[in-house]
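Novice: Single-letter residue listing:
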Amino acid sequence: MNPREYHAPRWSEPIIHELSTSGERGFIPPTSEKKIKEKIGSGASLIPEGMRRKTKPDLPELSQAQVLRHYLRLSQMTLGMEMEIDLGVGTCTMKYSPKINEELAGLIKDVHPLQPEETLQGILEIAYEFGNKYLREISGMDAFTFQPPGGSVGCYNNALIMRKYHADRGEPHRDEIITTIFSHPCDAATPATAGYKVITLYPDPETGLPDTEALKEAVGPKTAGCFITNPEDIGIFNRNIDEWTGIIHDAGGLCSYDQANANAIMGVTRAREAGFDMLFFNLHKTFSSPHGSSGPGSAGVGVVKELEEYLPVPVIVKKDGAYMLDYDRPKSIGKVRDFMGNLQVVLRCYAWCMAMGAKGLREAAEVSMINNQYLMEKVKKIKGVTLTYPSRRLDQARWSLEQMKQDTGVGIGDVNKRVIDYGVQSFFTSHHPWLIPEPFTPEPAETYSKADIDYWCSVLEKVSEEAYSDPELVKSAPHNSSIHKIDWDGFNDPDRWAMSWRAYRRKHK
Amino acid sequence: MGKDFVHPYIPNSVPKIKQEMLDFIGAKDADELYTEMIPERLLLKREMQLPEPLLSEQELKRHVAGILSKNKTTEEYISFLGGGCWQHYVPKVCEVIQSRSEFLTAYAGGAYSDHGRFQANFEFQSLICELLGMEVSGLPTYDWGAAAGNSVRMASRITGRNEILVPRNASLARLSILKNFCGSVDPKGEIKITLVDYEPETGRVDLNDLESKLCENIAGVYFENPNYLGVIESEGAKISELAHSVGAESIVGVDPISLGVLASPAEYGADIACGEAQPLGVSMYAGGGSCGFIASRDEERYVAEYPLRLLSLAPTNVEGEFGFGQALYSRTSYMAREKAKDWVGTTTVLWGITATVYMSLLGPQGMKELGETVLEKSHYTAAALNELSGVEVPYSGFFKEFPVRFTRPVKEVNEKLLGHKIFGGNDLSKDFPELGKSALYCVTEMHSLDMIEKLETALREVVA
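Going line by line, the protein sequences match chains E and S.
At position 59 of the first sequence the residue is numbered 59 (the working numbering), and the sequence of numbers has no breaks.
At position 376 of the second sequence the residue is numbered 1376 (the working numbering), and the sequence of numbers has no breaks.
Simulated from the structure, these hints should not be mistaken for laboratory data.
Among the clues, some could well be false.
Said to hold, decoys possible - As a list, the in silico BS3-like pairs of lysine-lysine whose alpha-carbon atoms are at most 30 Å apart: (1) K1092(S) x K35(E); (2) K1421(S) x K39(E); (3) K1368(S) x K507(E); (4) K1028(S) x K359(E); (5) K99(E) x K1454(S); (6) K1092(S) x K222(E); (7) K450(E) x K1045(S); (8) K1454(S) x K1416(S); (9) K1016(S) x K462(E); (10) K318(E) x K1421(S); (11) K1192(S) x K1238(S); (12) K1421(S) x K1437(S); (13) K319(E) x K1192(S); (14) K475(E) x K383(E); (15) K54(E) x K1238(S); (16) K99(E) x K1070(S); (17) K99(E) x K1061(S).
Said to hold, decoys possible - To be clear about the criterion: a stretch of chain S counts as covered by chain E if any three or more of its residues have a C-beta under 8 Å from a C-beta of chain E, and this derived list gives those stretches: (18) 1063 to 1071; (19) 1158 to 1168; (20) 1196 to 1207; (21) 1253 to 1266; (22) 1314 to 1320.
Quick reminder that beta carbons are idealized off the backbone N, C-alpha and C, glycines included.
If we strip away everything but chain E, and leave its shape as in the complex, we get:
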């Protein structure tokens, strides 16, 4: 298969300030009715003297069609998931989000979160049932919250529960948490924000499997708990995970499961049997909600019965057939986000699960896993690409271009700029540190057909051929992109960086 020819839209679109024409406008807000004006006078006079805006903000002035055109052009210069085969963006589960669910999500757009409970029964029912029917069965956990508006906040939420749990038990001295280097960075960063010391375990260098002996050495009287991603971000499932949770529990700690990428294990293996006390799913990943250029997403946090009283308020409860918001929870950690979180995301995920059913969810898991085995068989034949650890992977695998880099000088940074010339999104380069050098992590979710996977592999194969025959071609990429090579030198230089147009004008004009 030969990759198709592609060229990204290139609009050479100026910054919106440069398109401004004094006096133009894109929108007219309503004015007050005559009766209001007569009684109240002009709005400006209602502001205390010293707080009136003296000079208008320097926002751009454009007519409506010109604003629309500008942002349509910017959208065209964005390779969204729906435009291409997005399986190179691993750990992100770039699956299809059914379009009908957008329409359904729109049904709550004019709902205010502080409305009386009796006027929120529809959305509360959806959130309650999604937690208590779907996530309960999928995870084995007992109680749920959707207040954390992203996966990392779900992880942070669990660190706060851990903090409060130990404080309540008179053990605030437990100030260490344990994670693994191939757990997502949030498993280290969010407990650290909550004040924990972070102990990071490294895998067995031969197998890549998390090292149980290292865990045994790390636990002690200061252990508050663990934050573990499984399968890890390199795709390996920790086979001893139940032994791990046992070791943590024996030391008096709690176990938080990072199930951000649970796509290949839905209906296959669960947090409950693995011994976890709490978990979070990234609903926008496994349960299909569009990623929105990076949010709004949602966590789905589940906890065991013993930790239910710590959940953030309000908790959605069901009483006599009605759904209610329970704020009266003295042991609650309080709030991690205003209101109830991103319920439009929860709603999409409910609809997705309703369209799948038990067999459909299991089928999605199996196919995503089989897709990855199929992709791996093809990728491992591509020159210059190696797999660091031999173990079979579940949903994704972390590959290395170290060999290619040694042979040709072409590394992941270059390959990432070349694949887009064939209409494929840059690969997710993997979080740091790069324990596996020159990494990439494709994740072929159930959305992708065999033909899609074949195409994606053909692009990687083609770029590998180019790297070995004409490395300059790859290094000088992209050739068919919206813009040319960016000068990266200024991004760490206070005299040159510009995080706004006004800063740019001050420094560079």
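Could you slot chain S onto chain E? The hints should help.
Specialist: Okay, now just chain S, sitting in the frame of chain E:
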């Protein structure tokens, strides 16, 4: 679903294709592969017990829409609810852009392949900076509460101090979020929050109490403008000056839709500004429209402490062309894990794009006119309610929200208003008992004179 069932979301559920792939892999079936990776004892050996699926789109739509029809919306009822999520008009162009497949479904693509997204995000930073009078902002965060939490932690790191002052007229929900951000397992890492009184007669920060609590340990003074009770902090410059007098940071949380008419935080001395972008063209979504932001001056000591992704403009090798990339990326948790500045994750970037379109559509004139209309309508409503017996509006000098005090319990008033298809203001009696039986009313450009008069008529009946 039988063995041969093909699901429309799963192309490789076609049995023949799946078999070809298994043959290629050299495996019998999925179970064989799973057993190789996951120990037998951890495998779920039964089918999950879940509701029967609705496989056709039309049945699914009917089912979900049927449940959601149990909601009432602010389209059917006249709503005076605010308190952190506000009803403003959403221009159609905002909806068109946020629905574009490219923006809706992009995620972690690169600076070339997602050039348009990077530019839209840079423009978000640029336009929010114009409203705030700042020079640095980043990609949006989750909500105002998270923005305040990060801002306070930034101030603590910048000053090397571990105490902040927060007035009691800030949102209690945000205060709860803030408390979580300030707490720590490590006693040395904890940021102490000291509350400052507000003047019961004006609703504004009590400057005497603020001054008495300021000392060399204070990392920052965080206040909101307009504050949670809707009142404009007319002494913003004085508050900043007091903060600066002990070397503390002035941190201001704002509702940016007020900034066409209200002074920017920079004008009254803010070092760090944060707030909530939902009013800028994002629908309420039962609270799912939240979109926090942080901004500051362009100084390295501030920039180095941001947890957020910060997009910088940069030249390309073609004269006059721009590209974008991450400034000081090594700060972020994606690079530094537990050594990072707090953490960064999937936040609310789509809403940031929507807000950018909104600010571009309204421009300086639209923001000014909108602010004036909001002021006029809210003040008209307050004046009208104040004339009713059994109803009192204690504060003047507000923007779009104001407490309304009743002689009857708010719960009872709101229940009766519901019968008139009106959502009364949010009940403050529990969180702000010193205000008596009060509710926080929000009036915006969405409220026609007719709607305001309906409230007047209903309240006259309800409180009689």
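Novice: Work down the list of hints and note, for each, if the structure agrees.
Specialist: Right, here's what the structure says about each hint:
Straight-line distance between C-alpha atoms of K1092(S) and K35(E) comes to about 29 Å, which keeps the hinted pair within the 30 Å bound. Distance restraint check for K1421(S) and K39(E): the Cα-Cα separation of roughly 27 Å lies within the 30 Å cut-off, and the hinted pair is therefore satisfied. A hinted pair counts as satisfied when its Cα atoms are at most 30 Å apart, and K1368(S) with K507(E) qualifies at roughly 29 Å. Note on K1028(S) and K359(E): the hinted pairing holds, with a Cα-Cα distance of about 19 Å set against a maximum of 30 Å.
Straight-line distance between C-alpha atoms of K99(E) and K1454(S) comes to about 39 Å, which puts the hinted pair past the 30 Å bound. Annotation: proposed proximity of K1092(S) to K222(E) is violated, straight-line Cα distance about 55 Å (limit 30 Å). Taken as a hint, the K450(E) and K1045(S) pair is honoured in the structure, with Cα atoms around 28 Å apart against an allowance of 30 Å. At most 30 Å may separate the alpha-carbon atoms for a hinted pair to count; K1454(S) and K1416(S) meet this at roughly 13 Å.
Taking the CA atoms of K1016(S) and K462(E), the gap is about 28 Å. The hint holds against a cut of 30 Å. Under the criterion of a C-alpha separation no larger than 30 Å, the hint pairing K318(E) with K1421(S) is consistent with the structure, at around 25 Å. For the hint pairing K1192(S) with K1238(S), the CA-to-CA distance comes to about 23 Å; that is within 30 Å, so the pair holds. A hinted pair counts as satisfied when its Cα atoms are at most 30 Å apart, and K1421(S) with K1437(S) qualifies at roughly 21 Å.
Between K319(E) and K1192(S), the direct Cα distance comes to roughly 39 Å. Violation of the 30 Å bound is thereby established for this hinted pair. Proximity of K475(E) to K383(E) is assessed by CA-CA distance (about 17 Å); at most 30 Å being required, the pair is judged to hold. Restraint check: the Cα-Cα separation between K54(E) and K1238(S) comes to about 18 Å, which is no more than 30 Å; the hinted pair holds. Proposed proximity of K99(E) and K1070(S) is supported: the alpha carbons are some 23 Å apart, at most 30 Å.
A C-alpha spacing of about 11 Å is found between K99(E) and K1061(S), which places the hinted pair at or below 30 Å, so the restraint holds. With 8 residues bearing a CB less than 8 Å from a CB of chain E, the region 1063 to 1071 of chain S meets the requirement of three and the coverage assertion stands. Counting residues of the region 1158 to 1168 of chain S whose beta carbon lies closer than 8 Å to any beta carbon of chain E gives 0, which falls below the threshold of three, so the coverage claim is violated. With 0 residues carrying a beta carbon less than 8 Å from a beta carbon of chain E, the region 1196 to 1207 of chain S misses the three-residue requirement, and the given coverage is violated.
Coverage of the region 1253 to 1266 of chain S by chain E holds. Counting CB-CB distances below 8 Å, 6 residues qualify, and the rule asks for three or more. For the region 1314 to 1320 of chain S, the proposed coverage by chain E is satisfied: 5 residues have a C-beta within less than 8 Å of a C-beta in that chain, meeting the threshold of three.
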